[in-house]
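*Asks:* Residue numbers (this note's numbering): 557 to 723.
Think of the hints as simulated: they come from the structure by calculation, not from any bench.
Each pair of labels, with its calculated beta carbon distance range:
#1 Asp-578 <-> Ala-647: 22 to 28 Å
#2 Ala-594 <-> Asn-676: 21 to 27 Å
#3 Glu-723 <-> Gln-597: 20 to 26 Å
#4 Val-574 <-> Pro-664: 18 to 24 Å
Heads up, the beta-carbon is just placed ideally off N, CA and C, and yes, glycines get one too.
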Amino acid sequence: MKLILTRHAKSDWDDPMVSDHDRGLTGRGKRSAAAIGAWLQREGFVPSKVYSSTAQRAKWTTALAVEELTPKPSVSFHAGLYHASLDRILAIIGEAPKGDLMVVGHNPGFAELAMALCTNRPAHPQFRRFPTAATLVLECEIKAWSDLERNVSRSLAFVVPRELGVE
Numbered sequence: 557m558k559l560i561l562t563r564h565a566k567s568d569w570d571d572p573m574v575s576d577h578d579r580g581l582t583g584r585g586k587r588s589a590a591a592i593g594a595w596l597q598r599e600g601f602v603p604s605k606v607y608s609s610t611a612q613r614a615k616w617t618t619a620l621a622v623e624e625l626t627p628k629p630s631v632s633f634h635a636g637l638y639h640a641s642l643d644r645i646l647a648i649i650g651e652a653p654k655g656d657l658m659v660v661g662h663n664p665g666f667a668e669l670a671m672a673l674c675t676n677r678p679a680h681p682q683f684r685r686f687p688t689a690a691t692l693v694l695e696c697e698i699k700a701w702s703d704l705e706r707n708v709s710r711s712l713a714f715v716v717p718r719e720l721g722v723e
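Could you build the full structure based on these sequences and the hints that come with them?
*Replies:* This is how it looks when you write it as structure tokens:
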């Protein structure tokens with residue numbers, strides 16, 4: 557099964573009165589999210605299910621990426637993904653039904669999870685930082701998501717929006 561980890565796209569900090577959970581995306585963030593979806597489609601990494609944080613920036617990232625995918629995956633939102641730790645993210649993934657899964661969330665948990673899962677970490681200079689809208693595709697040699705653990709996944713691809721022409 558494939559696991560796709562996508563950090564939310566660039567968030568909008570223009571209004572200091574908006575809570576962290578309710579911040580949306582910048583124009584570049586919106587373009588990045590759509591570009592990631594188009595890249596997933598083009599590369600043949602279309603999940604059957606998407607789990608997203610409930611933060612507004614993650615919801616927008618999910619919606620814009622999924623808009624580019626065919627067939628459309630089912631989407632569900634999980635409050636527990638909001639600023640979740642590596643172990644919390646693993647627990648949420650562990651509850652997913654069988655099939656390729658995309659998870660949209662936040663750092664530092666996503667960067668830590670990416671490092672922990674890969675048996676072959678990408679040599680990409682941005683991998684450890686896992687910047688906004690960074691996307692990692694993993695091949696997981698497991699029978700069920702509840703079997704996912706550290707060092708059991710092979711990296712297939714890693715991309716950041718700038719490589720897709722988003723500035």
